[in-house]
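Engineer: Quick mapping for you: the protein sequence lines, in order, are chains A and B.
Here the first sequence is numbered in the working numbering, starting from 1 and rising by one per residue.
Here the second sequence is numbered in the working numbering, starting from 333 and rising by one per residue.
Hints were generated in silico from the structure; no laboratory data involved.
Hints are supplied without guarantee of correctness; some may be wrong.
Pairs of lysine to any residue, SDA-like flavour, derived with a Cα cap of 25 Å [said to hold, decoys possible]: (1) B:524 x A:151; (2) B:524 x A:60; (3) B:524 x A:145; (4) B:524 x A:111; (5) B:337 x B:489; (6) B:376 x A:324; (7) B:337 x A:324; (8) A:111 x B:376; (9) B:397 x A:328; (10) B:376 x A:146; (11) B:337 x B:609.
If you want the footprint, here are the derived chain A segments under chain B, 3+ residues with CB under 8 Å [unchecked claim]: (12) 12-24; (13) 34-44; (14) 84-92; (15) 184-192; (16) 243-255; (17) 261-271.
All C-beta atoms, glycine included, are put in the ideal place defined by N, C-alpha and C.
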Amino acid sequence: MQLVCPAGNLPALQAAIDAGADAVYAGFRDQTNARAFPGLNFSDDELRDGIAYAHQRGRQVYLALNTYPDSARLPQWYSAVDKAAEFGCDAIIAAEMAVLDYATRTHPSLKRHLSVQGSATTAPALRYAYERFGISRAVLPRVLSIQQVERLCEGSPVPLEVFAFGSLCIMVEGRCQLSSYVTGASPNRHGVCSPASFVRWEEHDDGRRSVRLNQVLMDRFEPREPAGYPTVCKGRFEVGGEIFHALEEPTSLNTLELLPRLAQAGVAALKIEGRQRGVAYVGSVTRTWRAALDRYRDAPASWSLQPGWQQSLSKHAEGHQTTLGPYHRSWH
Amino acid sequence: MTTMKLSLGPLQYFWPRERTLAFYREAADWPVDVIYLGETVCSKRRELGTRDWIALAAELARSGKQIVLSSLALIEAESELGALQRLVDHGDCWIEANDLSAVQLCRERGVPFVAGPTLNVYNHQALAMLMEDGLRRWVPGVEQGHTLLRELREAMQAEGRTMPELEVIAFGRLPLAFSARCFTARALDVAKDQCGFRCIDYPDGMPLATREGRPFLRINGIQIQGEEITDLGPELPVLRELGVDILRLYPQAEGMAEMVAHFHLARRSPVAPPRIGARNGYWHGEPGMRMTEAPA
């Protein structure tokens, strides 16, 4: 299985490659990708440098072009596809039909991966993307159980990539409007979720803190209570007279213990989430997964979960908690 | 002035069998032109199974209305795919395709389909491709306002293409997100596999409020909706000018006959009706929810 790691900028790209990523994924510094955060992503020159760095070491660079342009903005996405081909990216990761179609017709030799934002959860949906756009790989949404992933591996016309570690979107990717309902800015259209410019922290006299997203209260914290980033899905709300994390706790996905099953199912690539995270995260998480994958490659029968791996990953998890998430039936 | 059509969108909630059948029996006499039938949220809701929905479609078709069979927004299990295949194979009705699986099955069988609001069509090229696949009508997603629709229409015209029928959500709680997790089961602290179909106790979904008591969202099984019942009535002149063909009204537990009557009156009047629900911010390119000061 290939290890695909996040590169929010050039130092992170180099850290991922140095730590053993087989491929990294990156985006331009605009709304053509789903991590359009301030201070993140690549200029043209940085991307060229990153591709050179990766290719010199025999690794790959994928370009995330996974947002949904409206008609007026299509030329900007097309131009990004052109640059991906010109700079020598090994694939684009796209979700939107016009973007995929343009790439198919204009640069047929540039590989196309269906992004997680494409929300393809079944064999017919994957067939559609394969027949229509000749995709060579698809990234599955983080909603399927391990049994469903195994079954899909059998029925898919293309190799599959799954999320292995990182922040957990609990909604089907590409199908969540919670951010835009509150802020007007959406993952699909603007490449952002609950953007920081809408977040307001309030310190109270008693040491408690409140956090609002565009005026709407997402949560309150006791003094010294750890506080996470206020995406709508990880806030505490009142339902039926009780206050709790009604949608999801601040926690990260960690599928390390499923590595053998994913390999046996024929999963082609494991994806690490986190282009918004720093060099330390990317380096450390990549090294851990590289070690686990190498150990499995060398001796699959005797592979077992090493406590050191899990400790190292937990340090980088949201709220220092990890979950198997939807892979495990009881999460649902 | 062309009169826009009215549609009854798919029932998003889970109601007892008799209540559902009674609702649609009544709807057969309402001045709506199109009725969408079927389960779009959770395949475990089986007060009406696929066969029942198909039988109901045949019965309602006798009222002269167009009946469309709606598919699940999120398909994960083989059984769900099987149910979708039965809807498509039925052949007498168009399908409301709410994910790419439904598009592909319709395309393979040559069945005309409506692109539902969760299908992610944002530009004219995507729309044109889906038209090649058999799309006859498009329901834009919830976040798509009048500017996007106007630009898309102009881009279609510039390329000499004809727009498909355009249907806009004019009334109802907006479907905002879908998950593999059942939030109703989570709120009631029961496992999804042993949920006891408890969402049947919440015919308009389960209210979720902020910690300062501001009504915010509705939990509806694996779906999250906005709390506010949005209403594009006052915007009807703009919808008309944009060439919107059909106004979609989502079923709510109470007062649907009155809502239909309200929009029936409005669609035949040159004057916009007063607002009876919430302003839909998305339509104006703003946050979907109403941005007012939180209650004290």
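Engineer: For which of the previously enumerated hints does the structure constitute a violation, in increasing order of number?
Structural biologist: 2, 4, 7, 8, 9, 12, 13, 14, 17
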